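Chains as they are written, first to last, in the working numbering: chain A, 1 to 346; chain B, 1 to 346.
If you're looking for bench data, these hints aren't it; they were derived computationally from the structure.
As the structure is a prediction and not an experimental result, all values here were calculated from the model.
Glycine included, every Cβ here is placed at the ideal spot set by N, Cα and C.
Quick look at which bits of chain A chain B covers, simulated, 3 or more residues with Cβ under 8 Å:
1) 16-30
2) 42-48
3) 51-58
4) 104-114
5) 121-131
A few chain A residues that face chain B, going by a derived Cβ cut-off under 10 Å, partial list only:
6) Met6
7) Glu13
8) Gly36
9) His62
10) Thr96
11) Val97
12) Ile99
13) Gly100
14) Ile117
15) Lys118
16) Arg137
17) Gly139
18) Ser143
16 Å max Cα-Cα, derived EDC-like pairs, lysine to aspartate or glutamate:
19) A:Lys212 - A:Glu112
20) A:Lys249 - A:Glu318
21) B:Lys118 - A:Asp18
22) A:Lys118 - B:Glu27
23) A:Lys328 - A:Asp278
24) B:Lys154 - B:Asp300
25) B:Lys118 - B:Glu108
26) A:Lys118 - B:Asp18
27) A:Lys328 - A:Asp260
28) B:Lys152 - B:Asp43
29) B:Lys118 - A:Glu27
30) A:Lys303 - A:Glu222
Chain by chain, the residues run as shown.
2 protein chains.
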Amino acid sequence: MSSNRMEISELGEFGLIDRIAGNARRENASTIAGIGDDAAVVDCGGNDHVLLATDMLLEGIHFDLAYAPLRHVGYKAVAVNVSDIAAMNGKAEQVTVSIGLSNRFSVEAVDELYAGIKAACDNYGVDLVGGDTTSSRVGLVISVTAMGRAHKDKIAYRSGARKSDIICVTGDLGAAYLGLQVLEREKQVFLANPNMQPALDKYEYLVGRTLKPEARTDIVFEMAEKGVVPTSMIDVSDGLASELLHLSKQSGVGIRIFEDKVPIDNLTYDTALEFKLDPITCALNGGEDYELLFTISPSDHEKIRLHPDIHFIGYVHEDKNQNVMISKQGTVVPLTAQGWSHFSRQ
Amino acid sequence: MSSNRMEISELGEFGLIDRIAGNARRENASTIAGIGDDAAVVDCGGNDHVLLATDMLLEGIHFDLAYAPLRHVGYKAVAVNVSDIAAMNGKAEQVTVSIGLSNRFSVEAVDELYAGIKAACDNYGVDLVGGDTTSSRVGLVISVTAMGRAHKDKIAYRSGARKSDIICVTGDLGAAYLGLQVLEREKQVFLANPNMQPALDKYEYLVGRTLKPEARTDIVFEMAEKGVVPTSMIDVSDGLASELLHLSKQSGVGIRIFEDKVPIDNLTYDTALEFKLDPITCALNGGEDYELLFTISPSDHEKIRLHPDIHFIGYVHEDKNQNVMISKQGTVVPLTAQGWSHFSRQ
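Go ahead and model the full structure; you've got the sequences and the hints to work with.
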C-alpha cells in the first residue's frame, strides 16, 4: 500500500464533501444552487424553482433490521428526503426509490418495505415516479431522491441568516438519539439472552422518533399561511450544534443560543440521565430528529410567537467566529459539531 | 422460514418493478409520467418538462474492481443516467451522486472515482449539484440521479410507436457484452496464474464499450437539428430484444426486425465466434450498449436516411403479439427478452 494513502476518516464526511464540492462542475445557467444546501435548486423556466435532494441508507450503517421493521425503513427513507425539501421551504411532489436487495429478502419483505414507502408518499402527498431495483451481495441499500418546488423568491438557503435574526427550532431534540440508545441496549440484552422480551413500552416516543421520523412539512405550510419566509433554514439531521455551525459558516454570521430555550421532551431528559448522558449534549449532538432549524427576521416574530411547536432558542450576531451557547449557569460554551461520523467510527 | 415465502427470482426484475409500479402513488397534477419509462416526466410550469432518471451501481453486481478502474466506474455511473434522459429525447443538465464506501477505499481512490464523474459531467455538459456520502460495510455503492429537460411536445415515450413506423438503432450492438466476456476470461487467467499479463489490446474496442459506455446525446442533438422527433424511444441497457418488447408492450404494437439489418461490429462478430457464441444472440440479448432504439414516422425517414450511425432495422405493425426477427435465412424467429437478470443469477 502506498505511503501516500490518506484515510477517509482523516477528512471526515464534511471534509470529503468539501473536497468533492470543490471540484464539482457547475456551469449550466439552470443550476441556481448545488452542493452545500439541503437540496439543489434548479431553474426550469417557471415561477417555481425545482428542488432536488437525495439520501442513501445502508443496512448496518443507517438501520439495523434486528430492530427496525422494513416498513419503517421504507417510511424513513422517504421522510428524510421530504425533510430536505421542507428545509428549503419547499414542497416535495415526486420521489424515486432505488433498492439493492440480497436474496435473503423475499417478495413479502419487499412488499413490507414498499408499504412503508407508500405510507410516507401518501402522508406527504408525494408521488413515486421511478427508481431502480437490483440485487445486492450484501444487505439492503435504499437510495431516494426527492424532487420538490418552491416559489423562486421564497426559497430558504443556509446562507441567508442576518444579524439580529431570531433562531427558531421546531418540536423537541435528542429524542431520536436516545431512542437509538434504547434499541441498542435492548438488542444487547436480547443477544445475551434470547428469552428476554424487549422492554420498549416506556420508551415508545423515543423509539418512534428514531425508527419513524416525520418531516415537518406542517411547519412549512403554516409559515406560508402566516406569510413568514425564513431567512435561512436547515433540517436537524446531524445534530443541532452541527446545523447551527452550517448556518453560521454559510451565512457568515455568529450564533448565540440559550441552553434553557432548547426544547427537550421530559422522557428524553429522564432517559438521558438513565443512560448517564447529559440531556443538552444529546439535544446538541444527537441528530436524526429531522426538526427544522431556521432564522426569521425580528419583524416576523409576532406572526409566529404563539405557535405551540416553534421554539425561539437564540439570535444571530455579527461575529462569525463566536458560535456559543449560554448555559443555564450563565457560562459561555462554544458550539462544536460532533454529529454523525460514520467514517471515523469504523 | 414461512411456506408462503416468494423468492424475488420467481418474479424477476421486471415482475418486481411491475409489482412496485402497480402500488405506486401517482396523484399530483405535476406528475406527467412515472415508473415505466427511461425517466419520469414532471410539469414544472414552463414550456419544458423536467425529466428524472436514477440508477444504482453496486460493486460485485454491476462492476468488478478487479478490472474496472474507479475512474471508469464513476464515468459510467453518470453516462448511463444521461443516457436515460437522452432516451426521452431530453438533455441532462444536473446530476446528484451518492456514494457508500467501505474503509478499504482511500481518499485517493475517491478522487479517482470523482475524476471519472467529473469527466462525464464535462463531456455531457452536466452539473454535479448534490449527493450523499456515507460509509458502507462492504464495497462501493453508487447511486446517481440525473435531471434533464425537454420541450413538452418533443418528449419521446416508450408508448408512442405506431403502425408503419420505422425502427432505428444507433451505433452497434453486442460489443459491451463481449467486452465483459473478455474481461472475465482474462480475470480467470490472472487468478490461475498471476504472472500472466492480460491480453486485452486486440479487444480494446469491446472492453471500452463495457467499461466506459457513452450516452448518445449526439443523436438527440442531431435529430433535433433535422427536425425529427422519434415517435418512441428507449436506450439499450438490457439488450435489443428486451427493449423492443418494452416498445411493443407499451405502444400496443408489433415489432418486425431483420437480422441482416442489426448492426454488429466486425470485432464483436469475430469475438463472439471465438467464444462460441452466436453474434446475433449477443446483439439481441447482450445489453449495456447504451445505444438508442427508436421509431420514426415514415415521413421522417428521408431526413435521416443518410446518417452514418443510424440503422433502420425493421418496422412496426399492428399485431402486438407478433414480435419477430426475420433471420438471414428468411425464417421467422420470435423475440424473447433475456436481458440482465441479476436476481436469478444468484
